[in-house]
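Asks: Quick note, the sequences are listed as chains A and B, same order.
For the first sequence, this note's numbering gives the first residue as 1, with consecutive numbering after it.
For the second sequence, this note's numbering gives the first residue as 1001, with consecutive numbering after it.
Since the hints were derived computationally from the structure, they do not count as laboratory data.
The structure displayed is predicted, hence computed values, not measured ones.
There could be a bad hint or two in this list.
[Stated by the list, open to error] Here are the simulated lysine to aspartate or glutamate pairs, EDC-like style, with alpha carbons at most 20 angstroms apart:
id, chain 1, residue 1, chain 2, residue 2
1, B, K1044, A, D84
2, B, K1011, A, E42
3, B, K1062, B, D1086
4, B, K1071, B, E1014
5, B, K1062, B, E1085
6, B, K1044, A, E8
7, A, K56, A, E76
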Amino acid sequence: GNSVTQMEGPVTLSEEAFLTINCTYTATGYPSLFWYVQYPGEGLQLLLKATKADDKGSNKGFEATYRKETTSFHLEKGSVQVSDSAVYFCALLSTGANNLFFGTGTRLTVIP
Amino acid sequence: EAGVAQSPRYKIIEKRQSVAFWCNPISGHATLYWYQQILGQGPKLLIQFQNNGVVDDSQLPKDRFSAERLKGVDSTLKIQPAKLEDSAVYLCASSSTGGQGGRSFFGPGTRLTVL
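Given the sequences, and given the hints that come with them, work out the whole structure.
Replies: Next up, the structure:
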């Protein structure tokens, strides 16, 4: 079946620190992989995606590389800002499926 | 471009009462989803519509949950009667396609508390 395992939070970092949020997945076929972000009081927003192995998704300084050999899609950012404080969800869309499977989410708090 | 609208934003009810949520998707989006997000978990799909037809409702507890999408636009999700374990955020999302790689746009959600 399909599943997504995310690094448990919460994660607290100082401004300008390096961020990694781990995500691994189990899926049939060749899924597309996504990171969604949920800022306080707002709905889920797509942050980035990758649709095939070795693809790198990037947006707003965040990036994640689709690693088929390790079934991973870790989210990274070189220098976080206070405005990056949010909950981050890793998700997959498996081959032939119609809907997203989400991880449990990781809450990030960045302090000045 | 207007986003996905949901109402109400918050609802508190007692167990065994009924409740309904409303969603207005992005104009022109054929696919509409309802997700349930329990505290500390990721969203879980309840039902997916393509226009006004149901594509997937395998995770919908049909003894108490129902949903409809009249005219392929707005949608309502109803719970009758509610249980304590239904306390969650109910998210509506829409996309222009339902297929592989399609991007879903999410509404702000309705936070339901069942006492």
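Asks: If a hint holds in the structure, say so; if it doesn't, say that too.
Replies: We went through each hint and held it up to the structure:
Between the alpha carbons of B/K1044 and A/D84 the distance comes to roughly 24 angstroms, so the proposed pair goes past 20 angstroms and is violated. Taking the CA atoms of B/K1011 and A/E42, the gap is about 17 angstroms. The hint holds against a cut of 20 angstroms. In summary, the hint linking B/K1062 to B/D1086 is supported, as the alpha carbons are separated by about 13 angstroms, within the 20 angstroms threshold. Pair hint B/K1071 plus B/E1014 does not hold up; C-alpha atoms about 32 angstroms apart against a cutoff of 20 angstroms.
Note on B/K1062 and B/E1085: the hinted pairing holds, with a Cα-Cα distance of about 15 angstroms set against a maximum of 20 angstroms. Of the supplied pair hints, the one linking B/K1044 and A/E8 holds, its CA atoms being roughly 18 angstroms apart against a limit of 20 angstroms. Between A/K56 and A/E76, the direct Cα distance comes to roughly 11 angstroms. Compliance with the 20 angstroms bound is thereby established for this hinted pair.
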